[in-house]
Amino acid sequence: MRSSSYFAMPARALLVLALTAVAVPAAHAADTPAPALAAKPYMGWSSWSMQSSKYPGLNPDGDYSYLTEANVLKQTDALAAKLKKYGYAYVNIDAGWWMDKTWKSGFDQYGRQKPDPVRFPHGMKAVADRIHAKGLKAGIYLPAGLEKGAYGDGKTPILNAEGCTTADIVYDDLRTTNGWDSAYKLDFSKPCTSKYIDSQARLIAGWGYDFLKLDGVGPGSGKSGDQYDNVADVAAWHRAIADTGRPIHLEVSWSLDIGHAADWKKYSQGWRIDTDVECYCNTLVSWENSVDDRWDDTPAWTRHAGPGGWNDLDSLDVGNGQMDGLTKAERQSYATLWAIAKSPLYTGDDLTRLDSYGLSLLTNREVIAIDQGPNPPAQPVTPSDPQQVWAAKNTDGTYTVALFNLADTPAAVTADWTTLGFTGKASVRDLWNHENLGTYQSKITQALPAHGSRLFTVTPRGTAATLTAYEAESPTNTLGGNASVADCSACSDGKKVGNLYLGGKLTFNDVIVAKAGTYQIKVSYISGDARSVDISANGGGATRHKLPATGDWGTVASVYVPVTLKAGANTITFDSGTGYAPDIDRIDVPKS
Amino acid sequence: MTPAPSRRGVLAVTAALAALPTFKATAAPRRPAAAPALDTDARHRLWWQAPADEHSMIEQGLPVGNGRLGALASNDPGRELLLVTDATMWTGGLNDTLDADGQFPYGRRDFGSFTLLARLTVEIPDHDLSAVSGYRRTLDLARGVNETSYVRSGVTYRRQIFASHPDDVIVLHFTQSGGGRYTGTITLQGTHGEEPAVSFGATLPNGLRYGAAITAYGSGGSVTVDGPHIGFTGCRDLTVVLSGGTNYSPDAAARFRDPSLDPHQLARTKVRAAARHSAGTLLATHTADHHALYGQLDLSLGISSAEQRSLDTWERLRARARDGVPDPELEAQYLQFGRYLTIAASRGSLPLGLQGLWLDGNDPDWMGDYHTDINIQMNYWATDRTGLAQCFDAFTDYCVAQLPSWTDLTRRLFDDPRNRYRNSTGKNAGWTVAISTNPFGGGGWWWHPAGNAWLCNSLYEHYEFTASRAHLEKIYPLLKGACEFWEARLLTMTLPGTSREVLVADSDWSPEHGPLDAKGITYAQELVWALFGNYCTAAAELKKDTAFAATVAGLRKRLHLPQVSPTTGWLEEWMSPDNLGETTHRHLSPLVGLFPGDRIRPDGSTPAEIVKGATALLTARGMESFGWANAWRALCWARLKNAGNAYQLVVNNLRPSSDGSNGTAFNLFDIYQVEQGRGIFQIDANLGTPAAMIEMLLYSRPGHLELLPALPDAWAASGSLSGANARGGFVVDLRWRDGTPTEARIRSTGGRTTTVAHAGSTRTVTLRPGDTVTLKGFDR
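Residue numbers (my numbering), protein chains in the order written: chain C, 1 to 592; chain W, 1 to 780.
Worth flagging that the hints you see were computed from the coordinates, not collected in a lab.
Heads up, none of these hints are tricks.
Some chain C residues close to chain W (C-beta under 10 Å, calculated; not the full set):
(1) Lys-328
(2) Ala-329
(3) Ala-407
(4) Pro-410
(5) Ala-411
(6) Val-428
(7) Asp-430
(8) Asn-433
(9) Asn-436
(10) Leu-437
(11) Gly-438
(12) Ala-447
(13) Gly-517
(14) Gly-539
(15) Gly-540
(16) Lys-566
C-beta: ideal position from N, C-alpha, C; glycine also.
With the hints as constraints, model all of the structure from the sequences given.
The structure is reproduced here in structure tokens:
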């Protein structure tokens, strides 16, 4: 049986389908001991946002020139003074520490990156020492592969590897790799290759670094295919770091392929799920370029996050509205998503110029606790509509609930308790405003500004919702167009309805409710990529909803969709319209 | 200096109303002893759960207005924004130099544009929307009050915004319960380059003077002028009062200015006078005044479900469209919202233009002007039908005030040899207008010869509704001048294929459709036929111009009236059997004899083939247009007693607009999509759709009333209408059940004898003015 996914994205879908045949280990069982690294998402500061910005005065000596010892130490002092007590610990030097201000690389006699003497006149160790002296941790950066400038005619010796030169660690055809094709791909079938990684690892460990961002890693970083498959690089780094004996957090970047999530989890402590958050413009970031991408791109990754490895949404630039290029509402939403997704919280702001609102966002202990606490990351419980609700069920029975309005104008957003799994009353605490809002029956509705958000802890005072399941593959349903029943091991009863594309349609007949009203129906579906579907009841007007990607075609997710039903029997239709819709596993309809 | 109003001054005001400036000193208003006890029924309240975005005010801002001075309010807790308008705040002027094609220039400097008067902001930094809960805002249609409430740190905050006609100010009243305090900044700023200031006055390039002023007072804290702003700190409550206006005067002889009026000074005087009263007193005065008009009509179209009632207005609109389930209370609210807009924007100043009194910038599409080829007429179709006869006067007064200028422009410019629409008879008399008109006697875009007839027929209909002889006296010069124009313009033509000589209109453009130079367009023939009839009745009633009336009656008999095309089967739009335009064109110009005229009647008095041809044309025009075009279609279908189509078109206009699509915006303003992703506000549908809703319930013409002529199934179960004016000089109250009237009360406001019909049964009632009769037993 061919999945409809086959038609939408043939190449990638085939790859994904093949991979999902392999059982993916559960994220981290609750009873395993906390990992030594990344037990919680890391918190700190990174240099790249200011380096990449054209904000006046940041990079007076050319692009990316912000990165200097003086600036890093200035930020170190500010981090220590203002944010350390809230858990911010890492000071991360990003790309360019071995480049001069014309962005020309420097390498040592072993083909390893060499600190630029203008940017870092005292070398990298001196900086790490200064960071450590403040009780903070030091981070550094490297690109994947052997940088072209390090090759040196292939004759450059590899440290501590007798007889090995750079020609012995790359492919004979000098195929390039990484997100910029700025390096030769390392050939790990050659015995010399891992020694080069060892030499780099020992270098940064020797300087005392606690964190490495390995960038341009594929599949990801805008690349796919064997040439850009850097899983072996990451594995080599994982081993090389272990061999140094120094605990160094390894973070991989950028836009990593979710099909390799198991690899990133195995070998690293965090992975950038998306493109750079920075706008490369006159501010650090902008809402559309590309903070807002994260609401669509995060859900597929959520189940992969856990102690020891986290979904990295990139820098959290909310500390200074003018520099960030965001409204207050956007900054709060930005911080809210990062916290509920349990992303690492590292700001790229100028910590010497935080405004009071920015400081309040970065230091809200209740919000930080969401990110750093023991509870799972939140997922959308509604479709990816302009108004959406995300939630996580916490270990103490409460829920973390975030309301988002991604529209360009203010709008009311409602969290219906049914979408959390209970009915009746609940008490609500507003985390950003440190207020108990009181008890709400059935739902809470709040007015949100454009691109705005609210973040609540909801404590149920009611009872569990009771739902009636209707399987998509039930013979009492009506299939239209190409829609057909398919096997699905992750689905309830092992089957789903797929091929909902170009007019494909699934109608649940005989959905029975006791009284007329609007019901939040739970839609369980599979959708490797985010897809939309028109949902209607009783032949009435349809509402188009985009359902978040599940990341592959073997994982079931669910969201709640409002449907107006009449007392008695109803039909509910999922119509692909002129596009491609998710596969449907089943729906669950509240009894009241 | 404006003299202080005295009793004599007030009397003089009444005598010469049309020539007084619209922003003027007024006598102290009559104040009610207490706030009126009003119907608190939720059916009179629209409500929302989110404020407006400052960049989407036209779709999301809530309108208030006192008939002249208006605003759109954002209702954002942390930053209230009011976009303030005065109906007379127009650029441009007489515009009496024609373009090379003999038509009028149509730009913002020459013809002019309606523009904003000021922006008012009240910033309360601690009340950022992200920090408050339980946000809600309402528009109370019965009280004329926009209210916002929310909770911040356990304190409930409320603000009320209203535009008072009696006090001639806009009031913002901020209160709280629970020990809260208000701290923030009030800023008033003009939109024509002025710096922020507590009050300002300036002059537009066209010489129009304007000004605005604010004041504020509170309790428990301090309110101080802080440079160009007003600051308030720690106030338990706060009242902000705003006034403003221009020195516009509806007097062509004075070039539409009152040179003695200083609007800046007058605005300051007005806010000071109002600020002597508590916000509660101002509110009670306003509410009594507003409700005196609003309460003149009540409507129930049936009962909505508890589920429908639980939704906010925007969700309710979306559910109505999505579920396809009638929501009779929402549909009645839509009508009442149209009445609210009329009360707010059509009293004592200029009439309702394309956007009524509300703008979000100084460059409204089509200048926010007066379009005489459907839009201004449609703006007043519901006024009498929904019991707001007093609000019609702004339209009448506008035409009366413009007439000298319109006459002058016609005399000087219509003959221009470059004007393709000039009279080929070589004669020129009376007056007409351009498609667009401004408030300075000027026209814009193209000449619109038949526009005079349509304006006159609209004004005459108000006489039919009210039987007001004073109104007829007032409009008589307009009617007579229009007849003189047509006497000079009509051509004698031998009807092709016959030897019959008929009178036809000279070369003209059936509005915005088809050939530019067609003789005898149905639009003109129908309008002039109705004009001549109206004039003859008026002359007889007023005992004037007997000889001219006889001439006009003679001309009327010879007027060609449209035929049905043997080719298309449609009532012809041009004197041609061919379809020379777009089949689904928005305008229904050739059906102007079906509505608003009623020459074409489906009651057997009109030849069946004409009714059939009109029906076929209306069918061809389709059901999927936009705002005003749907409203006009609905009215035509109501006249043809096709309740299903009429209702469907009403429902089509209730579709929620998204991303600028045709339909109803968040704030219930009607949106017309001008291009993909960009919609603009056009108020005509907000006012024309209610007219259609009434026309489905009550048809009237002098001497004849028909009850429930096109009652849709959605409203049939039960309902009531009270206070609707009917042509012939009656006010009708009506109740129905299961599609049949259970009771009809007919009160005469000047009408004498009328038949009252329902489903084929007809009764005749005769009343003296002021008398009422109650009819029952229609179900037998």
